[in-house]
Amino acid sequence: MTTATVSRWDRFRESFFWYSFKRDKVAIASFLVLLAMVLAAVFAPLLAPADPYDLAQINIMNSELPPVGLDGADPAFPLGTDAQGRDLLSTILYGTRVSLMIGFGAVVLQAALGILFGLLAGYLGGKVDAILMRIADVQLSFSTLMVAIIVGAVFKASFGNLMFGEIAIYMLIFIIGVAEWPQIARTVRASVLAEKKKEYVDAAKVMGFGTPRIMFRHILPNTLSPIFVIATVQIANAIISEAALSFLGLGMPETQPSLGSLIKSGFDYIQSGSWWITLIPGLVLVVLVLVINLLGDWLRDVMNPRLYKG
Amino acid sequence: MTSPLVSIRGLEKRFDLSGSFLEQLRFEGGRLRRKQEAVHAINGVNLEVQKGEALCVVGESGCGKSTVARTVMGLLSPSAGEIHYGGQRIDNLEGKAALPYRRKMQMIFQNPYASLNPRMTIQQTLEEPIRFHHPDWSPVQVRDKIHEVMHSVGIDPDWGSRFGHEFSGGQRQRIAIARALAVDPEFIVADEPISALDVSIQAQVLNLLMDAQESRGLTYLFITHDLAVVEHFGTRVAVMYLGRVCELADTKTLFAMPRHPYTQALLSAIPKLEDDRPNHIRLQGEVPTPVNLPSGCVFHGRCPYANERCRQEVPQLIATDGGAQVACHAVEEGRL
Amino acid sequence: MALLEVKNLDVRFAVRGGDLTALRRISFSLDKGERLGLVGESGAGKSVAAFSILNLIAKPGYIAGGQILFEGKDLAAMSERELRKIRGNRIAMIFQDPMMTLNPVLTIGTQMVEAILAHRKISKKEARAIALDRLQKVQIPSPEKRLDQYPHELSGGMRQRVIIAIALLLDPEIIIADEPTTALDVTIQAEIMDLLLNLCEQENVALMLITHDLGVVSQVTQRMLVMYSGRIIEQGPTREIINDARHPYTQGLINALPQMGEPGARLFQIPGSMPSLKNVPSGCPFHPRCNFATDQCKRAMPEYVRSGNVDVACYEVANLIEQEKRMQEAES
Chain A
58 MTTATVSRWD
68 RFRESFFWYS
78 FKRDKVAIAS
88 FLVLLAMVLA
98 AVFAPLLAPA
108 DPYDLAQINI
118 MNSELPPVGL
128 DGADPAFPLG
138 TDAQGRDLLS
148 TILYGTRVSL
158 MIGFGAVVLQ
168 AALGILFGLL
178 AGYLGGKVDA
188 ILMRIADVQL
198 SFSTLMVAII
208 VGAVFKASFG
218 NLMFGEIAIY
228 MLIFIIGVAE
238 WPQIARTVRA
248 SVLAEKKKEY
258 VDAAKVMGFG
268 TPRIMFRHIL
278 PNTLSPIFVI
288 ATVQIANAII
298 SEAALSFLGL
308 GMPETQPSLG
318 SLIKSGFDYI
328 QSGSWWITLI
338 PGLVLVVLVL
348 VINLLGDWLR
358 DVMNPRLYKG
Chain B
51 MTSPLVSIRG
61 LEKRFDLSGS
71 FLEQLRFEGG
81 RLRRKQEAVH
91 AINGVNLEVQ
101 KGEALCVVGE
111 SGCGKSTVAR
121 TVMGLLSPSA
131 GEIHYGGQRI
141 DNLEGKAALP
151 YRRKMQMIFQ
161 NPYASLNPRM
171 TIQQTLEEPI
181 RFHHPDWSPV
191 QVRDKIHEVM
201 HSVGIDPDWG
211 SRFGHEFSGG
221 QRQRIAIARA
231 LAVDPEFIVA
241 DEPISALDVS
251 IQAQVLNLLM
261 DAQESRGLTY
271 LFITHDLAVV
281 EHFGTRVAVM
291 YLGRVCELAD
301 TKTLFAMPRH
311 PYTQALLSAI
321 PKLEDDRPNH
331 IRLQGEVPTP
341 VNLPSGCVFH
351 GRCPYANERC
361 RQEVPQLIAT
371 DGGAQVACHA
381 VEEGRL
Chain C
2 MALLEVKNLD
12 VRFAVRGGDL
22 TALRRISFSL
32 DKGERLGLVG
42 ESGAGKSVAA
52 FSILNLIAKP
62 GYIAGGQILF
72 EGKDLAAMSE
82 RELRKIRGNR
92 IAMIFQDPMM
102 TLNPVLTIGT
112 QMVEAILAHR
122 KISKKEARAI
132 ALDRLQKVQI
142 PSPEKRLDQY
152 PHELSGGMRQ
162 RVIIAIALLL
172 DPEIIIADEP
182 TTALDVTIQA
192 EIMDLLLNLC
202 EQENVALMLI
212 THDLGVVSQV
222 TQRMLVMYSG
232 RIIEQGPTRE
242 IINDARHPYT
252 QGLINALPQM
262 GEPGARLFQI
272 PGSMPSLKNV
282 PSGCPFHPRC
292 NFATDQCKRA
302 MPEYVRSGNV
312 DVACYEVANL
322 IEQEKRMQEA
332 ES
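Residue numbers (my numbering), protein chains in the order written: chain A, 58 to 367; chain B, 51 to 386; chain C, 2 to 333.
Derived by calculation from the structure, the hints in this document are not laboratory data.
Hints are not guaranteed to be accurate.
To be verified - PhoX-like, lysine-lysine: derived pairs with alpha carbons at most 20 Å apart: (1) A/K262 <-> B/K154; (2) B/K146 <-> A/K262; (3) B/K101 <-> B/K154; (4) C/K74 <-> C/K33; (5) C/K60 <-> C/K33; (6) C/K126 <-> C/K146.
Just chain A, with the same shape it has in the complex:
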């Protein structure tokens, strides 16, 4: 067993993937930044100086304190505080956590739906393909935001604000996941169409293997590279969608802020000079989305089959 794991690790270290990663400074930097942000978000309860969800820790007297280095700053709040007196560093750590959870969660849902429908459409073809792809077209012709606004408004109206706060994160994952599955389904379908013409699929058919086995065990593993690339980009898109929804007040409530709702909550105070409440979470969001997209670009270059096999 150990020899197998060692050889797998060795194989990885000798692979083109690892080789091109080592040589690409942008990829390394992006990966490190993302890793740091993910770790900070995951361990937010340990790292954050305060718990922004705990109302008892908040003192309204501390509201709108500027970050360290500006006049009137309090060293207990390195990035300053927001309008309610919450420590901005802590809220950003927690907010990143919420944003990442929604991003990953939505993409897992997208991938599950997209892979299933893409495989079915591509492999079975004919009517199944026509129906699934038309559904995908219809789905794509609604903008994600529009669907989310409608669903969000309905949810909010029917569950009330308090209840809505509790289910908001699941609702956002659901909305963004369902709205964007056609992106992945199309990618999967396109590579299934290319793969199913190859002789190894015929060989599996000749063996008498059933359709599900051929689809999931033989074809799916060969379509993973493009899925991986598009999933990365979709995480960034999901985080942006969530931020946009939250900014519009249809996303995470201010009691459990995501990066988007933090930006929104500070937006009202820009005129009064407290720009940091909006700007700092905004920067964090930009950096987060940027590094994910840079990694996605790099992945696409590496996994381009023509370059990869050469």
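Since the structure of chain A is already known, use the hints to place chains B and C on it.
Relative to chain A, chains B and C alone:
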């Protein structure tokens, strides 16, 4: 003659080119009409494969030889006609009923670079079919079987944990053969199994196929465009042109005395080592597309012996005194 | 002086982990009107050799040493501008896939006229007349009509005829044909080869034919080179090599052909396969597959020895020649 192992009866296969109903509508001559186009890949092929023989099907690209192979294996369903295996009709079987034949009939493909799943190790590639067809076997039995087939195709059993792309074309084709042999088939369809390989590797793979035939009592349906290989490998030969069999004979008979004008041209076109110049029978024109089949004998447009009857009437395979079956009016009438 | 003389040509590929040697010390010559066959299996470097003659090697490949003398001038040292005057004009090339040469969105006529005007200062009308003449030479039915057709309207065999016509446009001295019939059916292949051979004879054009098919080589060429792993291991008159190959690899290649075997019997087979450029064996690259290999073969690449009119790089052959000499001396 004993009953054949595989028999192909009146096989036809058309591939529809015209798409859905809406796409078939054409505006022609001022009115809308429905136009259907199809590629006539096979147009009435009858072949019988006897147990233990290697029946070679030769022809140039587009003659339908690969379609015959794929239809026999059930990868394509025939537009008309039947496939029988050991007396049982198999082209209409589905699901569980087809499984026993999936084990008895196996296929080797042309392109060893595409016929192995790139995400599976050699071990997984060989193990899956064995486990699938013998769910009751113990792990030891499965392992022994894998070792046995790997050994018999000349692949080191220690290579099991490697992936297909780590091997050369010849080695991959050996692995593909091992996969086919792993389920102990009786009948193997080999679709151009050596044409993607280098000369020195072709010989290795041909020898391997012959060894397997001898030691396992296999029956082959061997598809190829290379007549030199046929002469070496085949028991009998069927020459195909535009979806029809134009000559069917014992290999010796066919090479000693080819009767059909197309067979003659094909034989003369093989570049031979003893030639100092190309000396081949010149044919007029080129192979017509299988979309609009010529009337009568499909070969008449290129045949130097064609007459009015050839343009009108489709020739049937007729036994000649030499032992060959030839579909040619000129041969039948004694003009040739 | 030979029309084309390649001397000690080295071609390498710069890849990660250092250079790979694709061609090592390739030397051969081509006389006016001569037909030379370049034989080898995939990975032997025969296509690289063809491309490097016109200095057309794509990155990461580069010519690392040696000379390519065309009428005494070194193509390897020429500027791109000077090379362009020779490519297509004095030395023409025919590829395996006609679509590599033909532009799918231009008519055959336009492409042929453009090719002529790139090298000759004549009117379009005159150029079109030349194009028509060449299409007639390659025996294309209704050549006038073809001039206005697009490549996709022609069949594979017809396209390859057009390619030959394009190669002939500017009366080149040399045609390099890289597997020109591999993608075609046997009957079409025979016709194209016949045509190419006749044209080269009529026009006194030298032909360098790259192929893996020994049958074609024996039908078409006068001299041949056998390549293995980037080296020429045997060269000489085609007939002499085909009838009596010296090098164990060439012997194996010929004997492995189904037409050489008894029907039903096992074919002669060379064990193993061509090494990849990444791990070329030391010494004679063929030694791991060779029945005659000795320690000497593992140490250094053998020098060429002459046997009859054939040059062979093989210690075993050298030893046999040596033995023969000694026997003759002993007799006298």
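Status of the hints after comparison with the structure:
With a C-alpha separation of about 14 Å, the suggested pair A/K262 and B/K154 falls inside the 20 Å cut-off, and the hint holds. For the suggested pair B/K146 and A/K262, the alpha carbons sit about 13 Å apart, so the restraint of at most 20 Å is met. Restraint check for B/K101 and B/K154: satisfied, since their Cα atoms lie roughly 13 Å apart, inside the 20 Å limit. For the given pair, C/K74 sits about 16 Å from C/K33 by alpha-carbon distance, which is consistent with the 20 Å threshold.
With a C-alpha separation of about 31 Å, the suggested pairing of C/K60 with C/K33 is violated against the 20 Å cut-off. As the CA atoms of C/K126 and C/K146 are separated by approximately 16 Å, the hinted pair is consistent with the 20 Å bound.
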